[in-house]
Amino acid sequence: YDPLAGDTAIALAGEEGWTSYHPRIVFDQSNKMYINWFWRFGTAGAKLFRPCLISTDDRVTFNDSLDNPIRLPVQPEDCGNLGDSDGQGFYSVGNTAINSSGEVHILLSPDDRGREIVYFDSVSGGWERMDSPYGATEIFFDAQDRMWALASGIRILMRASNTTPWSLIYDDSASNNCFPKATLTKDGKVAFIH
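The numbering of the sequence shown is our numbering, which starts it at 1027 and goes up by one.
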């Protein structure tokens, strides 16, 4: 039971003719919640549009990716706030990770180019993009704040920060393992990859 939740259910996102799809939730070290998802025209289909990122400190008031207040339910025109055009299509393969500084990193699969990792750079005030190494489909941060990427094969890569190059830690690209996933222990010191 969360006493801040109140007694009335409120829709997070919704608009007639659209489906909000594939929500991903991460928390920073102060328990601030970040939610990102996509929008899809109608109810089914492979392509997604308008990636959205919102956050909340209290589970009552919400902000967009620039920390401006946003009303619920969020609608498609409120989104597309990760630096792409509203018409940019995506596939659902990807995930969301957060480092100890509260920087949300989102792995996206655009329909017209390779996978990429986007994050909001507070210094430049804009979204930065980097290629996802080997088309990695999963990213996460460990207890030492290093970013890890998992690619099919299986390939395991690591980088110490956004400004250091990726290091290939493990490579079994001869195998047929695809779309690896990771589960971290609560302390972030061990990752189980499946």
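Quick caveat, the hints were computed from the structure, so don't treat them as lab data.
Model, not experiment: these values are computed from the prediction.
A couple of the hints might just be wrong.
[Said to hold, decoys possible] Only pairs whose alpha carbons sit at most 30 Å apart, straight line, appear in this in silico DSSO-like list of lysine-lysine:
id: 1; residue 1: Lys1212; residue 2: Lys1058
id: 2; residue 1: Lys1058; residue 2: Lys1215
id: 3; residue 1: Lys1207; residue 2: Lys1073
id: 4; residue 1: Lys1207; residue 2: Lys1058
The hints, checked one at a time:
no.	hint	verdict
1	Lys1212 with Lys1058	holds, 17 Å
2	Lys1058 with Lys1215	holds, 22 Å
3	Lys1207 with Lys1073	holds, 22 Å
4	Lys1207 with Lys1058	holds, 24 Å
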